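J.: Generate the whole structure from the sequences, applying the supplied hints.
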Amino acid sequence: MTPPRPQGGTPGRAGAGPLRRWIPVAVYVLAILAASSVPNLRPPGSWPLRDKLIHLVEYGILGWLSARAVGSRSTGGWAITVGLSAVVATIDEFYQSFVPGRFASLADAVADIFGAAGGAAAWTWVPWRRKPRTDRDRTIGG
Numbered sequence: 589m590t591p592p593r594p595q596g597g598t599p600g601r602a603g604a605g606p607l608r609r610w611i612p613v614a615v616y617v618l619a620i621l622a623a624s625s626v627p628n629l630r631p632p633g634s635w636p637l638r639d640k641l642i643h644l645v646e647y648g649i650l651g652w653l654s655a656r657a658v659g660s661r662s663t664g665g666w667a668i669t670v671g672l673s674a675v676v677a678t679i680d681e682f683y684q685s686f687v688p689g690r691f692a693s694l695a696d697a698v699a700d701i702f703g704a705a706g707g708a709a710a711w712t713w714v715p716w717r718r719k720p721r722t723d724r725d726r727t728i729g730g
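Sequential numbering from 589 applies to the sequence shown in our numbering.
Everything labelled a hint here was simulated from the structure, so no lab data went into it. Any given hint could turn out to be false.
What the hints assert, rightly or not - Estimated spans, in silico, between C-beta atoms of each pair:
#1 Val626 / Leu694: 19 to 29 Å
#2 Ser634 / Ser660: 33 to 43 Å
#3 Thr678 / Trp610: 30 to 40 Å
#4 Gly706 / Ala619: 12 to 22 Å
#5 Leu607 / Pro636: 41 to 51 Å
Every value quoted in this text rests on a predicted model; they were computed, and no experiment measured them. Just so it is clear, CB atoms sit at the ideal spot from N, CA and C, and this is done for glycine as well.
T.: So, in structure tokens, the structure goes:
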């Protein structure tokens with residue numbers, strides 16, 4: 589006789605879904621820190637503020653991934669995401685102060701936080717995702 593299965597799904601996998609959403613965030617943070625480890629790294633091009641644009645995009649992606657992992661489409665979820673990204677930005681800038689040819693920059697950290705806020709806002713409030721189809725949609729030419 590087999591023991592009864594616990595309620596809530598597959599044994600030993602309780603909470604694996606929400607935890608799994610944090611894996612891309614962790615990998616991306618490691619990629620950010622790896623890029624910060626490159627001595628004397630300079631952005632390509634010669635136009636002004638190119639460095640800040642790179643920071644906005646880099647942390648915009650982090651903000652989007654983090655908001656997805658938090659899983660809340662509310663202002664509170666957005667605030668948590670921006671706060672977590674600000675912590676990562678602070679750690680990243682502090683870490684860069686120890687890398688030869690790199691330095692910590694408050695302006696870069698601000699660009700990071702604004703990028704994270706934009707990325708988190710895109711996931712939190714922009715209804716870009718498709719809604720699941722219902723049976724009614726299928727019967728009315730959907």
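J.: If a hint holds in the structure, say so; if it doesn't, say that too.
T.: Quick rundown of the hints versus the structure:
{"no.": "1", "hint": "Val626 / Leu694: 19 to 29 Å", "result": "holds, 21 Å"}
{"no.": "2", "hint": "Ser634 / Ser660: 33 to 43 Å", "result": "holds, 41 Å"}
{"no.": "3", "hint": "Thr678 / Trp610: 30 to 40 Å", "result": "violated, 19 Å"}
{"no.": "4", "hint": "Gly706 / Ala619: 12 to 22 Å", "result": "holds, 19 Å"}
{"no.": "5", "hint": "Leu607 / Pro636: 41 to 51 Å", "result": "holds, 42 Å"}
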